[in-house]
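Trainee: Which chain is which? The protein sequence lines are R and Z, in order.
So the first sequence is numbered by the numbering used here: it starts at 78 and just counts up by one.
So the second sequence is numbered by the numbering used here: it starts at 10 and just counts up by one.
Check the hints yourself; a few may be wrong.
Cβ-to-Cβ under 8 Å is the rule here; a few derived chain R residues that face chain Z [what the hints assert, rightly or not]: (1) 110; (2) 144; (3) 145; (4) 147; (5) 174; (6) 187; (7) 192; (8) 216; (9) 323; (10) 377; (11) 393.
Just so you know, the hints here were simulated from the structure itself, not pulled from any lab data.
The model shown is predicted, which means the values in this text are computed figures rather than measured ones.
Glycine is no exception: its CB is placed at the ideal position from the N, C-alpha and C atoms.
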Amino acid sequence: MSLLVYTENWDGKFKKLSFELITYARKVADQLGTEVSVVSIGNVADDELLKLGSYGADKILKVEDDRLNVLINRAYSSIITQVADNINADIVLFAHNFSGKAIAPRVAVKLKAGAVTGVTNVPSSLDPFTVKKMVFTNKAYADVIVKSSKKVLTLFQNSLGVEENPKPAAIEVFTPKLDDDDFKTKVTETKKITGKVLLTDAEVVVSGGRGMKNPDNWKPLEELAEVLGAATACSRPVSDEGWRPHEEHVGQTGKIIAPNLYFALGISGAIQHLGGVSSSKHIVAVNTDKDAPIFESADYGIVGDVHKVLPELVSKIKELKASQG
Amino acid sequence: MKILVCISNVPDTTTKIRFTDNDTKFDAAGVQWIINPWDELALTRALELKEGSGGAIEKISVINVGSKDTEPTLRKALAIGADDAIRIDAEPQDAYFVASQLAEYLKANPFDIMLCGIDSSDYNGSLVGGMLSELLDLPSVSSVSKINMDGENIILNREIDGGSETLETTVPFVAIVQKGIALEPRIPSMRGIMMARKKPLEVKPAVETEALTEFAGFELPPPKAKCKMVDAENVNELVELLHNEAKVI
Ligand SMILES: Cc1cc2nc3c(=O)[nH]c(=O)nc-3n(C[C@H](O)[C@H](O)[C@H](O)COP(=O)(O)OP(=O)(O)OC[C@H]3O[C@@H](n4cnc5c(N)ncnc54)[C@H](O)[C@@H]3O)c2cc1C
Ligand SMILES: Nc1ncnc2c1ncn2[C@@H]1O[C@H](COP(=O)(O)O)[C@@H](O)[C@H]1O
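Bound conformation, chain R alone (with noise of 0.2 Å):
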């Protein structure tokens, strides 16, 4: 009986995204009475390696290859599943992120594992193990019951934050058989936004929509974020107009993000933007039409133009932040 996670790095880095992962696995391996393993692959220092200790892994074994600072998913998910195996995980355990998303179901097929992904809470029952999982994108839950012996998880984003939770965690390196055929494709050219927040790591975002009126108007909802240390988003005809890029456009049809704080500003709530936001812990609108829909999904509503409402919240979070310090 184990457990196994695997955690992605980002440069040789963690994030908020994999401490979580492990808090989880921790919660579900003490209900299990069994060990959290880690599997790590591309290059990451042991002092960085050694952090998922704190947050309750036991084991740590790494997989370092050149061909493996890229994903590829038929080598990762046979490496995956080596672990898996040489470790007799009964549960094996990813974040829903593009990662998480391309690995999974293929370690699944090797496992013959049942596979639950969007997971939002440990499991309310071991047998049958059933878990929470969000369906039609945000609008419901389900209980999913997984009938295999051998399970594979993905954990939603921000469901249950992050604990820690010492470990003494003990590293081994780990490798892998590989073949030709596992490196079938080949990454050519890799482009990264630098000098932003990312959306799928912010703790707050702040978002524009048609109500923004046109792209030259981004100025003070960028400084808001700024001072919040947000990341930037907006709806689909915002993205669909070309006022903002793509990647930034948040709904079912975009990111599905679920931040502490979300500033929804000249967004009218339509039910394919609630789709990818409604999960954020608290919602602030800022509307003109008292009647938006925005306003029975938000916690917080101002019914303003946003126009004059923004500079105004600026500089008032602004005041809060040098009495702050």
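Since chain R is already given, all that's left is putting chain Z with the ligands on it; use the hints.
Mentor: Showing chain Z with the ligands alone in chain R's frame:
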């Protein structure tokens, strides 16, 4: 070269979600069914590639694992421009069940490029495409936002956390597509709708496979507390609420 687009039949994106049978089943009463938005975009891109291929891509097929009720959705895909459709006659039970049905069919009827969406908008599995590629032991590329062909070469773009990558791969392969793959879904023309009636829609029996998961029950999120309204002339009050009450700034 042949391209297959896997089609998931889902409730319209504006559907009010309700459950029946003691919250154990999705209430399909009055629901409008559509092609899963990603699959519709995947089909659109497949057609664009075919049209630009100078005959190198000879056929676009669509496939669905579903009961007879999904046939209107497949007919719509034919009206948009797919050449033929296959329905595997089984009620989808879980992702492993669906992927196994698709894989059995594809072992006997291979395609060069297989396109799946990143998720179905109903159960948000994000599983079928990846499972299918593994069952067929083929390369897969996920979160694909662009597919281009340069002669024989296939060039893909995929989104990663904080950026994007360009990839090359060998055929056959499975691409799991998302936003960006096509700009707008293609809308069936009158002529397309007429022609769709005559295009082949083949029904295949399901193979014996098991489901590894099942839904035990559903629930709607708890109703949201009423929104606290702050006067537009008093923005400072909002800042104080966010700081002292919500403790988020
Ligand atoms: C299949 C499908 C998928 C979709 N996926 C998505 C998705 O992923 N994400 C998404 O966002 N949308 C999506 N949509 C589109 C969605 O239905 C809405 O059209 C869209 O969200 C509306 O964007 P908006 O709120 O910015 O614009 P609008 O609906 O035009 O709303 C603008 C709002 O701004 C307010 N306003 C105007 N002026 C001001 C001002 N000066 N100050 C303050 N407020 C002002 C207005 O009162 C209004 O409420 C999808 C649609 C479909 C059919
Ligand atoms: N019943 C089905 N028949 C055919 N293809 C499907 C079916 N269900 C899902 N798919 C494909 O798999 C993708 C992801 O679905 P899912 O794993 O259910 O989220 C969809 O976008 C479709 O391309």
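Trainee: To test your reading of the hints: which numbers does this structure violate?
Mentor: As far as the earlier hints go, 1, 2 and 3 are violated by this structure, in ascending order.
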